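Undergrad: Residue numbers (the working numbering), protein chains in the order written: chain A, 1 to 400; chain B, 1 to 398; chain C, 1 to 510.
These are calculated hints, taken from the structure and not from any lab test.
Certain hints may be false.
To be verified - Here are the simulated DSS-like pairs of lysine-lysine, each with C-alpha atoms no more than 30 Å apart in a straight line:
no.: 1; chain 1: A; residue 1: K352; chain 2: B; residue 2: K192
no.: 2; chain 1: B; residue 1: K171; chain 2: A; residue 2: K89
no.: 3; chain 1: C; residue 1: K7; chain 2: C; residue 2: K62
no.: 4; chain 1: C; residue 1: K167; chain 2: C; residue 2: K7
Predicted model, so just to flag it, every value in this text is computed and none were measured.
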Amino acid sequence: MNSTTELDHCLKCSICQSACPVITSASFPGPKLLGSDALRLLKAGADAGAVLPAVEACLNCKRCELACPHGVRITRLISDVKERTVTAKKHYWRDLLLSYPGFLGKVGTIVPGLVNFFLSNKIGRKLAKKVMSLDADAVSNYASRPLSRVTSSLQAAETNRKVVYFAGCYANYIEPEIGKSLVELLGLLKIGVVVPTEHCCGMPLLANGFKAQAKKAFQKNLKALLPYLQEGCDILCTCPTCALALKQVYLEELGTDEAEVLSKFVYDASEYLVNYSDQLAGLIKPVKLHMVYHQPCHTLAQGVGQPSLTLLKLIPELKLQAVDGCCGQSGTYGFKQEKKKISEAVGKALFKEIEQCAPDLVSTDCGACTMRIKHDCHLDVKHPLSVLLQSIKTDDSLPD
Amino acid sequence: MKYDVVVIGAGLAGMTAALKSLIEGRRVVVIAAGENTLYYASGSLDLYGGKENPWAAVKRLESERPDHPYALIGTALIEESFRFLMGELETVCPYQENSGENVWVPTSLGGFRPSYLLPNGQFPAVSLKKKKVLVVGFSSYRDFNSRLVASGMVSRGCEARAIDLDLHYDKINCNSIDLAYYFDDHWPDLIKSLQETAKDVDCLAFPAVLGLNNFLDIHQNLQDALGRPVIEIPTLPPSVPGIRLSRAMLARIQQQGAEVIKGFPVISTRVSDDICLGVYIDTPGHPRYVEGDSFILATGGILGGGIVVSEKSVDEKVFGVPVEVPVNENQEYPYARCGLKANKRLQPLDKDRKVLYRNVFCAGRILGGYDPDLEHDGAGAAIATGYKAALEAGRGDS
Amino acid sequence: MISVTIKTGVLVIGGGITGAGILWDLALRGIDAVLIEQKEPAYGATGRCHGLLHGGCRYLVKDSAVAAECYRENKILQSVAKGAIENTGGYFVQVKGDDPGYVEQWLNLAGKTGIPVKEIDIQTAIKEEPLLAVQNIERVFTVPDAAVDPFDLTLMNLTGATQRGAKVFTNTRVEELIITGNQIRGAVVKDLASGESYSIHADIVVNAAGAWAASIAAKAGIRLNMKYGKGTLVVFAQRLTKRVINRLRKPGDGDIIVPAKSVCLLGTTDIPVSSPDDLDPTAAEITKMLNIGEEMFDHLSEKRILRTFAGIRPLYTGDNNNGEQNREISRGFAVINHEKDAVDGFYSIVGGKLTTYRLMAEQLVDVVAEKLGVKNPCQTAETVLPQPVAGQVKLAVEEPMLCECEQVTVQDLERACELPFCRDLHTIRKITRLGLGPCQGTFCIWRAVMLLYENQRISAAECRQLLQEFLAERGKGSCFTLWGDQLKQYELARGIYLNNFQLGDAADEI
Ligand SMILES: Cc1cc2nc3c(=O)[nH]c(=O)nc-3n(C[C@H](O)[C@H](O)[C@H](O)COP(=O)(O)OP(=O)(O)OC[C@H]3O[C@@H](n4cnc5c(N)ncnc54)[C@H](O)[C@@H]3O)c2cc1C
Ligand SMILES: Cc1cc2nc3c(=O)[nH]c(=O)nc-3n(C[C@H](O)[C@H](O)[C@H](O)COP(=O)(O)OP(=O)(O)OC[C@H]3O[C@@H](n4cnc5c(N)ncnc54)[C@H](O)[C@@H]3O)c2cc1C
Ligand code: SF4
Ligand code: SF4
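Pulled out of the complex, with its shape left as it was, chain A reads as follows (with noise of 0.2 Å):
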């Protein structure tokens, strides 16, 4: 289906707007102007200009999609719109830039010192922010050592099976532990990992409107992942947009049958895991803390329910609530100056349920709300699976 199909589809009901966490801020017409109604005026020579500001404000988080009963794939709309207006963007050098978190990963963990000084220092801080308009407290700060690194050394042995783990830049770069507990997880399950070279999923290229790149970032990583599909390998994922754009992105934009196939094979990887909870379960040790579960937009979007919820209740004695809503980070969004009223605003109402839930520890799947919460909400908080590992390998509590 393409998005001259999608189109069509829209009765202009303006449902999708009620699940919008945007839509409260007053320059935000909503997914419906921004999607259908706009692409199909830019279509028919309207000028772009005048959505400019407003379709950048779109968080891609996807909650318009879910919302929409008639079936129309609004942010596929937006994403299009944002291509007709990406030469007029303001920020257009720092937007591209921060769309390739891979290659300021790259740079952060070859010279991390430089970029956590840069950044921590204040000149550095005011310099991000007068010339990239980058919010530098949100901005966290890059591992030293790159998770590609660390897992060449770390390929189980004695495997019964093999899968592929796409780790994406957030793990790769900011925070490997998350690989090395899925590593590991699967080492215990006797599940065989290997880490091939990747790129940036793509997404961020996409969502800032860059979409010739995103569409050549998808066909590098395609043409990666291909040899593995072809020996039957699943594809796991630990962050839910890397997940969702391999199941659904690539396919929708490329529309090839490579991305088809590929789109079959993966999983996000609590998804996977979840089929194996039995085994896991006789593993786990009770744990005793109160942690409340974050769900991200990008896991909601790939209805699978909630896998890591499911993992994370095999744990004995841990006290676990779950919180709903976006956390108004989305990727580099909320680092944006010119963004970041909006984030927080959107953000608000999350942070205060789970400050209200006062736990020791928060959990949930993606980077951006990680940093975004850690941030915010000043607790720790952990990848699902890092707390699972953690639970395996610990008698007490975990270690904060």
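Got chain A sorted already, so can you dock chains B and C with the ligands onto it with the hints?
TA: Chains B and C with the ligands in isolation, oriented as in the chain A frame:
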């Protein structure tokens, strides 16, 4: 994962069915392509018709219109289903009835429409006659004209006046949803602006936009502070009262432990003879398979998505149940009463009136034989058949 | 009972493009004139046409003189009526099975006539127009076709004329012609809103009533021989092509797509009917057109259809008794001086195309001016028409909005209401495009009605009545294409207005 009851569709019918099943202690999953028709409806729940007593009318239908869903359910069970739903909603989104009679609720067009169960915000309409009413509009909200509503009320014997408030709201184009979110935070401003004017009137009428998350408190607080009944008048969709009801029901369902998968349609089924084993959901990547003992098909009518009309055919796409398009005396709209045929257990029937699947039960607008838009029986049929479907699903395929 | 009397030089009957063009030409030459239209401007064939500003290529083989005339007029209009025209360019596409002999003949005549036609490779064409059915395409040529908004064009002519003193009365029907002896004196007209009749005295009366021309002539006891052909058009919900796309073969049914701002139109058919009011498309016609369209365009019948409508092409078959006396100015249309029928000062203009309306008006007004002794030459080829209200497709999310599909702002509506000949919702919709997008007015008609009420242009009772008419008309426009997304859209509108707003019955008393 295997469930006792798999509910397909999360509209009024599907959610009533899910709630009843949960209360009966079943393991329930609710699968929905998206939101539902309540997002368009007025939020007041119709039973039947206009001036005639609705219960008398329902009784009459039982014999006169054997194809009407009410005729499949029977008056006693319809009453039971209404009581059930009112009970379930009591704390989250309360509904009231007017001693078995229809209430005429004001519309945004300055007229009145008959309905049966009313949310708190609409219930004060019961005693509107001959009252002094202040109709409050908002100058930036172009979907609602307070003068038009007031003039309609005057022509029906009220002493109505109109007033428009200037909100300090910087959204240039706002609809009901925008305003409802706005009032979630800013409702106290209303008290300040209206305290004086309210003294001269018996009640106040607003467009139904007074809050989405906080609406119960807002309504109560406004009535208390202004010392007058406050009426909310349903607006052009999206319908805030409808969204409140839909969200309240969904929250209740989740609270009772059902799994809810929303945003993805059911695309196909696995069956063995006349038994359905499971359904496939169109989730990204790979379809998700859900198994169950019983299935409730509540995917709505043409608008809801349950019935798909193409240039060449009219289909129910999940189970492939044949759709009846009755020849309509009223040529205005040929599909007004189209829908599935079911037996008294709400099992779907094929062309020869034989049961197609023994463990599938149909509920809501997907059933044929009625036209909610002209007859005012949409919600009633959804609630009654949803409730009945849950009972039958509980009994299984015996 | 005839109360008021208006006096004027020329009375023009018919507010289609021909009448409007004549009024503009008269106004530019300083001739006092009044135009009478029974419904709203462009109610007839003008508002029901395909909106193709012919580059001429369609007529090359049939009549290359007409083709050349179209090409010339096309270029003139592109300079004076910019506001109504989108210079899309066009393709002529030869589909598998189409007669290659025709293509050769066509190419040859294009060269002779001087209409610029260029062959392009199929890959380029498909890239530009992905809707083309790649497997069926043989050859593609670019041609100088363009898209014209017939409402805008008519309204621009009327606005220009009224700015120069001409008067326009819409919703007013010519009931009788006033003739004394051999001389026309004017007409008796009826204001259909108030029901009042009055007379208009004029030295000259021009019958530009399009397909209704015969009935006007009949009021003077004159018989005009006309035949009527019904043409049906299908409106798709979005712009499926960038440019006009024609089938390169002997013109037939369903072989052109013309973009029209945010939508596009597939057409058309030609079915003989007996009266100009026989305006209903049939389901069979639509199916047939979609099937033919599918030969050139991929999956065309799966695309959402907003509505269908039909227009009548009048064909003047000449005067059987005295054919020689017809002053046949062009083979495409005819200007008839009814002096020959013993009515002096009465002229009819029949036939033609939207594309050639300016030329038609010029030739008619030349005759009228000569009769009146006015020497001023025609200026319509040089004088730029005023801008339309709606204009090109826009996005205006930061302005107060009524119709989101077509981005019609509050201000657009208010500007339309200020126009002297804008008397009803139909005209407002044509001027602004309010409610002509995918939701077909489901939401914006409500908002427009609320605003008209707020501005005290209509009463509470009229609010209800306008909405009822709107819903009934909606039902009519889509009754032959009630399927898919548009059926859902209809059901939504029906639910809102019949269920929520209780629009259907009057039993809403307490
Ligand atoms: C504009 C309008 C106003 C109305 N106003 C009123 C009113 O004021 N009072 C009143 O009593 N009645 C009113 N009605 C009628 C009433 O709202 C409906 O009859 C009733 O809500 C139907 O409920 P339902 O649960 O059967 O269907 P729906 O509410 O349509 O729900 C269908 C559900 O099924 C889902 N679905 C569809 N296909 C699939 C699939 N393949 N897989 C999974 N899920 C699927 C949809 O996403 C949706 O969640 C109104 C109707 C309309 C259209
Ligand atoms: C289906 C179709 C497609 C076409 N496509 C194209 C195209 O793509 N390009 C092109 O160039 N041409 C096209 N044409 C031709 C073009 O539409 C017509 O040539 C042109 O619009 C004729 O305009 P008109 O003003 O002469 O007639 P009309 O537009 O019919 O105007 C006559 C007016 O007279 C009014 N009237 C009638 N009786 C009375 C009365 N008693 N009192 C007052 N008013 C009265 C009517 O209401 C009407 O508005 C098409 C025609 C049809 C039918
Ligand atoms: S995208 Fe979907 S929910 Fe939003 S207006 Fe269109 S049909 Fe309605
Ligand atoms: S993706 Fe999220 S932020 Fe963007 S329009 Fe949809 S709901 Fe709003």
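Undergrad: Of all the hints given earlier, name the ones this structure violates by number, lowest first.
TA: Of the numbered hints given earlier, the structure breaks just one, which is hint 3.
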